[in-house]
Amino acid sequence: MRAGTIAGHVWIPPWRTLGAQKRSQRKECLVIAVIIIIVILVLLGIIFAGMYNSLVSRRNQVDNAWSQIDVQLKRRHDLIPNLVEAVKDYMSYEQETLTKVTAARAAAINAGSQGPQAQAQAENMLTESLKSLFAVVENYPDLKANQNVLSLQEELTATENKISFARQFYNDSVLTFNNKIQMFPSNLIAGMFNFTTRQFFEAPEGDREVPKVDLR
Amino acid sequence: MYEQIRSNRRASWLLMGFVVVLLSALGFAIGAAVIGGPRGGLGLLGVFGIAAIGWSLIGYYSGDKMVLAVSGAHRVTHEDEPQLFNVVEEMTIAAGLPNAPAVYVIEEPALNAFATGRDPQHASVAVTRGLMQRLDREEIQGVVAHEMSHVRNYDIRFAMLVGILVGMIALVADFFLRFSFFGGFGRRRGGGNSNDQAGAILMVVALVLAILAPLAAYSVQFAISRRREYLADASGVELTRNPLGLARALNDIAGDPQPLRHANRATAHLYIANPLKNKKDKEVAGVFDTHPPIQKRIAILLEMAHVGPEALVAGRRTASVAAAAGTTPHDPPPSPAVPPAPRA
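From first to last, the protein sequence lines are chains A and B. 175 is the number that the working numbering gives to position 169 of the first sequence; each next residue is one higher, with no gaps. 47 is the number that the working numbering gives to position 46 of the second sequence; each next residue is one higher, with no gaps.
FYI, nobody ran anything at the bench for these hints, they're computed from the structure. Given the structure is predicted, the values throughout are model-derived calculations rather than measurements. Incorrect hints may appear among the rest.
Covered stretches of chain A, going by a simulated chain B footprint (3 or more residues, C-beta under 8 Å) [what the hints assert, rightly or not]:
| # | segment |
| --- | --- |
| 1 | 31-37 |
| 2 | 135-143 |
Okay, the calculated beta carbon distance ranges per label pair [as the list claims (entries may be wrong)]:
| # | chain 1 | residue 1 | chain 2 | residue 2 | range |
| --- | --- | --- | --- | --- | --- |
| 3 | B | 76 | A | 206 | 49 to 57 Å |
| 4 | B | 75 | A | 59 | 39 to 47 Å |
| 5 | B | 304 | A | 153 | 40 to 48 Å |
| 6 | B | 301 | A | 185 | 27 to 35 Å |
| 7 | B | 3 | A | 190 | 16 to 24 Å |
| 8 | B | 10 | A | 141 | 42 to 50 Å |
| 9 | A | 146 | B | 79 | 23 to 31 Å |
| 10 | B | 304 | A | 115 | 41 to 49 Å |
| 11 | A | 54 | B | 260 | 54 to 62 Å |
| 12 | A | 193 | B | 3 | 17 to 25 Å |
Here are some, though not all, of the chain B residues that point toward chain A, as calculated from beta-carbon distances under 7 Å [stated by the list, open to error]:
| # | residue |
| --- | --- |
| 13 | 84 |
| 14 | 87 |
| 15 | 91 |
| 16 | 94 |
| 17 | 95 |
| 18 | 97 |
| 19 | 101 |
Here a beta-carbon is modelled for each residue, glycine too, at the ideal position from N, C-alpha and C.
Can you build the whole structure from these sequences, using the hints too?
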């Protein structure tokens, strides 16, 4: 490039202004360094905020998933008395099965305030007792034809399914949340703001299969 | 999944932009040919452009209503169809969606289902009566899970827009082609010789555009839906953790020869399986197929379940449906010598 005007400015060859340039260069370097540091700090802040926000949203997801399980468990607790009421006249010889279901229901309601582990255990007991009740229902043709019992069965099947899907979603959410809490670098933020890992809602072996009660 | 959601959102915007540009070009060509000269072209360009933007917005906000109406679907409540409603709610919970989609039934004996809407908060799932009657609970669950994954990853938004916008392009182009053949607009009044020549050239361009536009739009539709079906099958299984349910459902759907009367070319890609049944199911998808070969989908699902094809008919209450249809080349004759593979 020749000496001349570039965009209206007079171009001064570098060898004529060496001293002044050195001084201004040092100044420029300082300014650039400060800018770089600020940019890095801002970026770090954004990354920190992002990690914090994602931790919060994961935690909310876990809480929400837990409340879903809760809703469905309550629904099951509400449905069971209706079912017992509907079948008990037909099943006078099966009092034992019915009392088991009623007792398991009471135990499950009590366990509601004792944390996921205890609750899971009690709810699994209830699931088992319901399974045996439905197995018994199979032996009573009158019951299998009863419209009321049929619709209660559909509702209970659906509720069982919803519980297990809610549990599945809860456990998936807990897994991602716990991973975030324990893995670098989000574990730093989690430690700073007191995020703690959550418990899984354990299912017993083989409980993936919900009781088959549809009589189609 | 978040990647899919983002790409679907982006694709929806791109599609709307693409359609507005395409229709504006179409408007220019038609305007130049019919009204004559670039002024006429620009005039129609404006009209078409504004119409396309308006239609895109209508399609975005109430496309689901249109699709449901065209499909002859009516809304049902928990009291009407407790089982279907419950299955939809189950899958909503499994997918972790905030609220359950509206549930619709199409009163037809054919086996099919689709989902539509602009996002999970404004979604609908429609199922045919035949599907509800002929499939058991587990199979319906598989089908609904497939639809729910379309809902969850925003496939529904893009597919709905494709249906509405592609339908419109086809409509405009159709109208223009018919008009040009029967109306005979080639001779404009007061035109000189040179004007006639320019008009003829523009008319050819307009015709070409009018033919190309729907073709381009259709090929978009075909390309997008095939890969999405495989994806939705896989993420549906992620929800139910039961590949066999969906595999058996697809097997039943494949064995059912009835086409869905309410489906048309603009909505065909929404359904879980090709509702038109216009050709034999092939091993490889052709350029103009909206759906991947159903046998391939079943094979992939069976692989996920670690079972052989005999599991499709084993242990079902309505085994006769699939076995009697006997159209599935993968189905070996049921032989007692083959023990069912253990489910992993």
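Against the structure, the hints come out as follows:
1. 31-37: Violated: only 0 residues of the segment 31-37 of chain A have a Cβ under 8 Å from chain B.
2. 135-143: violated (count 0)
3. B:76 <-> A:206: 49 to 57 Å: With Cβ atoms ~38 Å apart, the hint is violated.
4. B:75 <-> A:59: 39 to 47 Å: 42 Å, holds
5. B:304 <-> A:153: 40 to 48 Å: With Cβ atoms ~41 Å apart, the hint holds.
6. B:301 <-> A:185: 27 to 35 Å: Given about 28 Å between the Cβ atoms, the range holds.
7. B:3 <-> A:190: 16 to 24 Å: Holds - the Cβ-Cβ distance for residue 3 (chain B) and residue 190 (chain A), about 21 Å, lies within 16 to 24 Å.
8. B:10 <-> A:141: 42 to 50 Å: Between residue 10 (chain B) and residue 141 (chain A), where Cβ atoms are some 49 Å apart, the hint holds.
9. A:146 <-> B:79: 23 to 31 Å: 27 Å, holds
10. B:304 <-> A:115: 41 to 49 Å: Check passed, 43 Å falls within 41 to 49 Å.
11. A:54 <-> B:260: 54 to 62 Å: 57 Å, holds
12. A:193 <-> B:3: 17 to 25 Å: Once the Cβ atoms are compared, 22 Å apart, the range 17 to 25 Å for residue 3 (chain B) and residue 193 (chain A) holds.
13. 84: 6 Å, holds
14. 87: 3 Å, holds
15. 91: 5 Å, holds
16. 94: 5 Å, holds
17. 95: With a minimum Cβ separation of about 4 Å from chain A (threshold 7 Å), the hint on residue 95 (chain B) holds.
18. 97: Holds, because the Cβ-Cβ distance from residue 97 (chain B) to chain A comes to roughly 5 Å (cut-off 7 Å).
19. 101: 11 Å, violated
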